[in-house]
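Listed below, chain by chain, are the residues.
There are 2 protein chains.
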Amino acid sequence: MGAPCLDGTSFHAVNPMTEQMPLPGFADIMAAHRRLNGTVVRTPLLRAEALDAAAGRPVFVKAECLQKTGSFKYRGASNRIMQLDPAERAAGVVAFSSGNHAQGVAAAAHEAGIAATIVMPRDAPQVKVRGVRCRGAQIVFMDRHSEDREAIAKAIAQERGAVLIPSYDDPQVIAGQGTAGVECAEQLRDLGVTAQALVTCTGGGGLTAGLALAWEELCPEASIYGAEPEGFDDHRRSFAAGRRCRNARLGGSICDALMTPEPGRLTFAINKERVQDALVADDDAVRAAMRFAFDHLRIVLEPGGAMALAVALERRVPGSGPLCVLATGGNVDAGTFAQIISGKTEDD
Amino acid sequence: MGAPCLDGTSFHAVNPMTEQMPLPGFADIMAAHRRLNGTVVRTPLLRAEALDAAAGRPVFVKAECLQKTGSFKYRGASNRIMQLDPAERAAGVVAFSSGNHAQGVAAAAHEAGIAATIVMPRDAPQVKVRGVRCRGAQIVFMDRHSEDREAIAKAIAQERGAVLIPSYDDPQVIAGQGTAGVECAEQLRDLGVTAQALVTCTGGGGLTAGLALAWEELCPEASIYGAEPEGFDDHRRSFAAGRRCRNARLGGSICDALMTPEPGRLTFAINKERVQDALVADDDAVRAAMRFAFDHLRIVLEPGGAMALAVALERRVPGSGPLCVLATGGNVDAGTFAQIISGKTEDD
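Respectively, the protein sequence lines represent chains Y and L. The opening position of the first sequence corresponds to residue 1 in my numbering, with each subsequent residue numbered one higher. The opening position of the second sequence corresponds to residue 349 in my numbering, with each subsequent residue numbered one higher.
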């Protein structure tokens, strides 16, 4: 355990696996953008008058729920897997993930004809489990609260000589996620819009880091914000402390995709210099954002995927100029979604 | 009443209002495409491995549920309203619609600063009623079974000197809908794909006509198919008879957007020469298509909006080459949607 953090949780020890890795830069993101051209879906930037009215500013929603596998995670996984050498391809890949990175790795590996093994928490949404299984990957289940999925994945990788594809703390994974930022920068430019801010959900911080690196060059006027569930505000506390802080708990939010223990080492090194702050909203705000997206954008968002929209709708993002919101994933079980959209809304 | 049709329903008398109207052509569609550039959303063409597997062919879904107002109807309404002269603008517009054209007209009129009055069936989904009301249009309700909404709308237009914006039987409305066809032709070309067929839901036939005119020039290899709910197969019967046949009933399908009494006069004149056939699927197939779109495309489709996807999933579209499917609208009440996606599916 390291030095104590602001609120008593601890500064995590350095991970020797990622310590020596170089930080990715803008050139890596543009290389990924060229590499993934034709492989990833160029997801649309959605608008709705009702959204602008509710958020009190022009809002542009980058709908990554429409990405292959239903989340942005396919970008980073593909960018990493496309660069494996022949020996690595033959050995196969291993990943640990609550479900979206799992599907991204499974799909990218399937497309490349590479074997994939995924370590997933036993309580992952069924839609995510099915999404991994139908792409031919092997699943190893673990308990979110009592077991260390990273350790399990590393052991499997070591045993099989397979390549571990980290869900965020990897330069090429971060570069792949950053391609979403290149796209929305281009889409905003085509609309003649200069964004004042961008907000994205923050789990391990890989998407945030990729977006921050892309926008530092392409939209330098904009402030970058993270968005986290109440109780999982590790980035907010880490930014305030200037070093990585852990969350006190590992479960208990409806945002199954965002219950990461702490910021990544690489991602935090990038984000602490480039991200203004991380903003927090509770599960009720996330449910309201899912309903709003159903009613006014006609997209399906999972709880974690609606996190950034939730802080935008709660008007927590500073400023009143054009705001770009990442809607990061749409993998949610039908029963959960049905229950959430059936909740009473103000105009019903 | 005119001559009897194949199954005993009648050939509809010529509507004097549309009789003298010229048919739109490809040049009108390209003019609309230029006119609407920057006004309409260039909706994405979505893919899913699971969809290709289920349909038995490569499928490309044009997601018009992501269009402004949640359906393609905004295209035609905007194209018509943008060409009103100052006197017409001052007089305002009137429309009759089950809800999607209503919202399209309300939004286009609102953007142009023009007063709009909409005649809607009393049983229209609440989300459609709210979508019209929040755009400042006045609503006149009528009974779908006992009243003639067209006659009511015409009386209002005459009384106020306002311009009636037909939901399909109008050259500029057809041309506006056709811009969706120009977009997906361009998007398929960018992907290097030559479509073998296109399938779209068919109510009055305006979108079908616009698409058929656009694809006749841009994708001449493709066959065009309509898709209709069981019991509302007026296009199928009309194509077989070579003249317009009416539906026996005016209500009773979950596809609230597709219960049009008969093909339009202009639209049928275009479609009978260019559309291969109209394909039919029942309400259960439509529900299954809505669930499929939720699970695998992460879009919200209303029943009518899932009609073409339903016939694709039921493998009713001839051929096995690339198929373009229009997903035309996503305006569905939360309770209805929740109930439909919660229905048991094969893999649950």
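Because the hints were derived from the structure by calculation, they are not lab data. Please note: incorrect hints may appear among the correct ones.
[What the hints assert, rightly or not] Some but not every residue of chain L turned toward chain Y, in silico, with C-beta under 8 Å:
id, residue
1, V477
2, F489
3, M490
4, R492
5, S494
[What the hints assert, rightly or not] To give an idea of the interface, some chain Y residues facing chain L are shown, with a C-beta separation under 10 Å as derived from the structure:
id, residue
6, F26
7, A31
8, R35
9, V41
10, F239
11, N247
12, A248
13, L250
14, I254
15, H296
16, L297
17, G335
18, Q339
19, S342
All figures in this text were calculated on a predicted structure; none of them were measured in a lab. A virtual CB, placed ideally from N, CA and C, is assigned to each residue, including glycine.
>> Less than 8 Å between beta-carbons is the criterion; does L/F489 satisfy it with respect to chain Y?
In response: violated, 18 Å
> Does the interface hint hold: is Y/Q339 within less than 10 Å of chain L, judged Cβ to Cβ?
Replying inline: holds, 7 Å
> At a threshold of 8 Å, is the proposed contact between L/R492 and chain Y supported by beta-carbon distances?
Replying inline: With a minimum Cβ separation of about 23 Å from chain Y (threshold 8 Å), the hint on L/R492 is violated.
> Against chain L, with CB atoms and a cut of 10 Å, does the hint on Y/N247 hold up?
Replying inline: violated, 28 Å
>> Holds or violated: the hint that Y/G335 contacts chain L, with Cβ atoms closer than 10 Å.
In response: holds, 6 Å
>> Min Cβ distance, Y/L297 to chain L: is it shorter than 10 Å?
In response: Check passed: Cβ of Y/L297 comes within 7 Å of chain L, closer than 10 Å.
> Once the shortest beta carbon distance from Y/V41 to chain L is found, is it less than 10 Å?
Replying inline: holds, 7 Å
> With 10 Å as the cut and Cβ atoms as the points, is Y/H296 at the interface with chain L?
Replying inline: With Cβ-Cβ at 8 Å, under 10 Å, it holds.
>> Would the hint on L/M490 be counted as holding, given a Cβ-Cβ threshold of 8 Å to chain Y?
In response: With Cβ-Cβ at 23 Å, over 8 Å, it is violated.
> Any CB of chain L closer than 10 Å to the CB of Y/I254?
Replying inline: violated, 17 Å
> Close enough to count: is the Cβ of Y/R35 nearer than 10 Å to one in chain L?
Replying inline: violated, 18 Å
>> The hint names Y/A31 as touching chain L; please verify it with the least Cβ-Cβ distance against 10 Å.
In response: This hint is violated: Y/A31 lies away from chain L, its Cβ roughly 22 Å from the closest one there, beyond 10 Å.
This entry does not satisfy hints 1, 2, 3, 4, 5, 6, 7, 8, 10, 11, 12, 13 and 14, going by the numbered hints stated previously.
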